[in-house]
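Throw the hints in and build the complete structure from the sequences for me.
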Amino acid sequence: MAGSQDDIPPPPPPPSQTPTQQTPHTEVIQNGNGPVSITTNTQGQIKVLPPRITKEILARERERKARITLLMALPEDHLAKFHKMTDAKEMWDAIKSRFGGNDESKKMQKYILKQQFKGFSISNLEGLHKGYDRFQSLLSQVEIHGAGVSTEDANQKFLRSLPSAWSQVSLIMRTKPGVDSLNFDDLYNNLRVFENDVKGSTASSSST
1 MAGSQDDIPP PPPPPSQTPT QQTPHTEVIQ NGNGPVSITT NTQGQIKVLP PRITKEILAR
61 ERERKARITL LMALPEDHLA KFHKMTDAKE MWDAIKSRFG GNDESKKMQK YILKQQFKGF
121 SISNLEGLHK GYDRFQSLLS QVEIHGAGVS TEDANQKFLR SLPSAWSQVS LIMRTKPGVD
181 SLNFDDLYNN LRVFENDVKG STASSSST
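Quick note: the sequence shown, position 110, residue 110 per my numbering, numbers continuous.
Heads up, a few of these hints could be off.
Pair ranges (Cβ atoms, derived) [said to hold, decoys possible]: (1) S137 <-> D186: 14 to 24 Å; (2) T54 <-> R192: 33 to 43 Å; (3) N124 <-> F184: 18 to 28 Å; (4) Q156 <-> R60: 26 to 36 Å.
Restricting the straight-line Cα-Cα distance to at most 25 Å, the calculated cross-link-like pairs of lysine-lysine (BS3-like) are [stated by the list, open to error]: (5) K81 <-> K96; (6) K157 <-> K199; (7) K118 <-> K89; (8) K65 <-> K157; (9) K81 <-> K106; (10) K106 <-> K65; (11) K89 <-> K65; (12) K89 <-> K114; (13) K107 <-> K96; (14) K157 <-> K106.
Simulated from the structure, these hints should not be mistaken for laboratory data.
Every residue gets a Cβ at the ideal spot worked out from N, C-alpha and C, and that includes glycine.
Here it is in structure tokens:
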């Protein structure tokens, strides 16, 4: 049932962003999670210690959500085989190896991309330009894998994902006639018109 390794669809490339700007559980699937604290018992067996610091707690929660994301996308008759795996990246690699380039693997890829699209957001630190580049990259992956996002859905999602400093502009643009049929590049150029106003408003609020 497995196809050749050349047929395996590559996972989406990791976006160039800080960890707080990522969709955490899908990043865990692609890149693995951070190290966890372990110890060795008297029999020489390795044991993973419960999370204690905030960073470890967040890492464990992301790992749990990543596993759930993968298990939800698997066909029911394959759940038992992969359910015992505790590492999300290991599970993802095993799924690619098992299914190769067949329909199940392609469905899995689409599911992960849709999860990334659903959880997309832009922080104030990231700003309009970097957010645009990252969303454009995600849209390209969605199109390549046939995940099916309409122009209207893409434009509305991007506008809702803008940083809080853009909230008023976002509201204006979302209700603007014709915005749902705009090319994404044209939408971005429309937003750039408001950039100086947004920066001025942000600077004024910080000063106050």
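K81 paired with K96 [C-alpha distance capped at 25 Å]
holds, 14 Å
If you draw a straight line from the CA of K89 to the CA of K65, is it 25 Å or shorter?
holds, 12 Å
Are the Cα positions of K81 and K106 separated by 25 Å at most?
holds, 19 Å
Please verify whether K65 and K157 have alpha carbons no more than 25 Å apart.
Holds, at roughly 22 Å.
Hinted pair K89 and K114, Cα distance within 25 Å
holds, 18 Å
Do the alpha carbons of K118 and K89 lie within 25 Å of each other, as the hint requires?
holds, 21 Å
Straight-line alpha-carbon gap K106 to K65, limit 25 Å:
holds, 20 Å
Cβ-Cβ distance between N124 and F184: within 18 to 28 Å?
At roughly 22 Å between Cβ atoms, F184 and N124 fall inside 18 to 28 Å, so the hint holds.
Could you tell me whether the CB distance from T54 to R192 stays inside 33 to 43 Å?
holds, 37 Å
So if I understand the rule, the pair passes when the alpha-carbon distance is 25 Å or less; does K157 with K199 pass?
holds, 22 Å
Hinted pair K157 and K106, Cα distance within 25 Å
holds, 24 Å
Within a Cα-Cα threshold of 25 Å, do K107 and K96 meet the stated pairing?
Holds - the C-alpha atoms of K96 and K107 are around 11 Å apart, at most 25 Å.
Violated hints: none; the structure is consistent with every hint.
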